[in-house]
Amino acid sequence: MSEIGRKTDLALNLSFGTYEEARAWVGRKSEARPCEDEINWPAIKQFCSLVQDANPNYWDEATARRRFGAIISPPGMLMVWQMRRRWSPSGPVEEPILATRIPLPGDTIINISTDSEFFRPMKVADRLTVEEEVVEITPEKRTRIGTGHFITTLSTFRNQDGELTARNRNVLFRFTAAGALAEGSR
Amino acid sequence: MSGAENRAPRCWEDVTQGEVLPEVVMPVTLSLCVLDASATRDFFPGHHDRDYARGQNVRDVYLNTMFFHGFVDRMAGAWAGPAAWLLRRRLDMNLPVCVGDTMRTKAHVIRHYQEEEHGLVDVEVEVSTEHGIGVKAVLTYILPMRADLEKV
Numbered sequence: 022m023s024e025i026g027r028k029t030d031l032a033l034n035l036s037f038g039t040y041e042e043a044r045a046w047v048g049r050k051s052e053a054r055p056c057e058d059e060i061n062w063p064a065i066k067q068f069c070s071l072v073q074d075a076n077p078n079y080w081d082e083a084t085a086r087r088r089f090g091a092i093i094s095p096p097g098m099l100m101v102w103q104m105r106r107r108w109s110p111s112g113p114v115e116e117p118i119l120a121t122r123i124p125l126p127g128d129t130i131i132n133i134s135t136d137s138e139f140f141r142p143m144k145v146a147d148r149l150t151v152e153e154e155v156v157e158i159t160p161e162k163r164t165r166i167g168t169g170h171f172i173t174t175l176s177t178f179r180n181q182d183g184e185l186t187a188r189n190r191n192v193l194f195r196f197t198a199a200g201a202l203a204e205g206s207r
Numbered sequence: 033m034s035g036a037e038n039r040a041p042r043c044w045e046d047v048t049q050g051e052v053l054p055e056v057v058m059p060v061t062l063s064l065c066v067l068d069a070s071a072t073r074d075f076f077p078g079h080h081d082r083d084y085a086r087g088q089n090v091r092d093v094y095l096n097t098m099f100f101h102g103f104v105d106r107m108a109g110a111w112a113g114p115a116a117w118l119l120r121r122r123l124d125m126n127l128p129v130c131v132g133d134t135m136r137t138k139a140h141v142i143r144h145y146q147e148e149e150h151g152l153v154d155v156e157v158e159v160s161t162e163h164g165i166g167v168k169a170v171l172t173y174i175l176p177m178r179a180d181l182e183k184v
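Protein chains in written order, with my numbering: chain A, 22 to 207; chain B, 33 to 184.
In isolation and in its complexed conformation, chain B is listed as follows (with noise of 0.2 angstroms):
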């Protein structure tokens, strides 16, 4: 995804409800699980020693918590654009996602509507692997009204 679809601010009043997101492939290596430990400071063993990961029931070492709350907003910020305000999102992890697994997401706009002044979007994202859904999650985005544009 490149940084210029990145700056372009997406205002409320253009986004509909069941709208699609772009999809996002990312192959999980042992390099990015090593990258994902130094740069969320988490060294619990499941996410660098297989062996442990294995001890765990979980079939080799998985990538955490951390990067998947970067990984979603990542992927529903890029379409979001940099104007729009994460409210909440609520993240359920539903299977390990281990090294040798491929990453797909699969996101939509399930919920498109006002709360005071504000404009809201609630996302949905799937981040699958070849074992089924790892992870589910909705974000709750304020969007800009085209009124305010100006101003971001």
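Chain A on its own, in the form it takes in the complex (with noise of 0.2 angstroms):
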């Protein structure tokens, strides 16, 4: 591991492995996991507030009721009802999103693009459960930031009632950055 998966104290913990190990995690699926917490409307309100959203749907408790009977999540909103809190009294939270977990020789890892699909309104108090697949690895790739490999995987949310709500399918590029700009020449 190189001086960057060090550096911090907040560990990714990625798994380490080749490429033909990783291979082999193509197809695989997470059990379903209840989202830590239930849609709720202080939090919606926060993520509102970021981007500076004023869409009464998140805001005006009458207007949301009267189109979809509660007020509802941003559907930007999908990725952080899937996010985990680092700590819970059981301990620290061990378990990273499914792509950390294909062992893979890149120390760090960045986002590169989302495909998202949203079949029915998330309401307050709706609890998601999500499932994720790794859909695809690709072999080792060079780019202007490092070497890596980019891989897929698409998560499943699904409602209390087990209807299907939204299909997230984002794409990750898991590298290490190239040498002469990681040293610090930029």
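FYI, nobody ran anything at the bench for these hints, they're computed from the structure. These numbers were taken from a predicted model, which means no experiment stands behind them. Cβ atoms here follow ideal geometry from the backbone N, Cα and C, with glycine treated the same way. One or more hints might be untrue.
As the list claims (entries may be wrong) - Cβ pair distances, simulated, as ranges:
id	chain 1	residue 1	chain 2	residue 2	range
1	A	R106	B	D124	23 to 31 angstroms
2	A	G183	B	R120	21 to 29 angstroms
3	A	E157	B	E149	53 to 61 angstroms
4	A	G112	B	D180	47 to 55 angstroms
5	B	D180	A	S111	44 to 52 angstroms
6	A	A53	B	E149	46 to 54 angstroms
7	B	D83	A	K66	27 to 35 angstroms
With the hints in hand, could you dock these two chains into one complex?
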């Protein structure tokens, strides 16, 4: 592991291995996992204040009730509901997202693209469950920032009634930063 | 952008292909990145630790994917109105958008079409900074038809 992996106190919990080992992960699915929190209004307002979204479906109960029966989550929060707290009374949360558990050589990650589909509203008090699947891992590629592998995962979200709510395809670059620039010449 | 603009529903019949959406400008400060980390619960160090970001060959702390989901949805959603339903969003991160940059959006309707009984629009959004295009996205909305508007 190079310097970058040790520099931070917030461990990424990356698994290390070869591309051959990684390929065995294609097609693997995680167990369906309940999101930590139910869809909730304070988190929605916090997110909307970040991006300055004034949509009344997120702020105005009367409007949102009339349209959806409740305040709804912005679609942009889909991946937020999937995030986990770093600590709980049972200890630090060690199980990272599926993509970081794939054994590969790269010591850092950066997100590249998403393709998200929204099938039904995420209403306040809904409890989402997410299931992840490894769709593709590319051979090693060299890019502007470093050399590594592109990992595609598919997350499927269902609500407490088992109804398909959203789907998100995510591409993440697992890489080692290119040497000269990583030394800080930039 | 005012809340009032946001409250006006837009119907599918009133949209034309090529229509340009209002620009949104937002500076990227370290405070914004801190708010981003907390509001999205994303404590990946590239989003708050400058040394880590530089070790990744990135100029400085940078905004995360979830920020851009919310940001492009907000800018296109303010135009589409609160009766629109975002059906699909494809988003590519082209360059990291870092502390010190100023984001400017450029967006227009690239497709105006019907599928089954639904009126759809595809909106293309680019978020650029002084360094080039940071993010490119295509958002597909279902817009209400004029006849539906009194119901929503």
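How the hints compare with the structure:
no.	hint	in the structure
1	A:R106 <-> B:D124: 23 to 31 angstroms	holds (29 angstroms)
2	A:G183 <-> B:R120: 21 to 29 angstroms	holds (22 angstroms)
3	A:E157 <-> B:E149: 53 to 61 angstroms	violated (35 angstroms)
4	A:G112 <-> B:D180: 47 to 55 angstroms	holds (51 angstroms)
5	B:D180 <-> A:S111: 44 to 52 angstroms	holds (49 angstroms)
6	A:A53 <-> B:E149: 46 to 54 angstroms	violated (33 angstroms)
7	B:D83 <-> A:K66: 27 to 35 angstroms	holds (32 angstroms)
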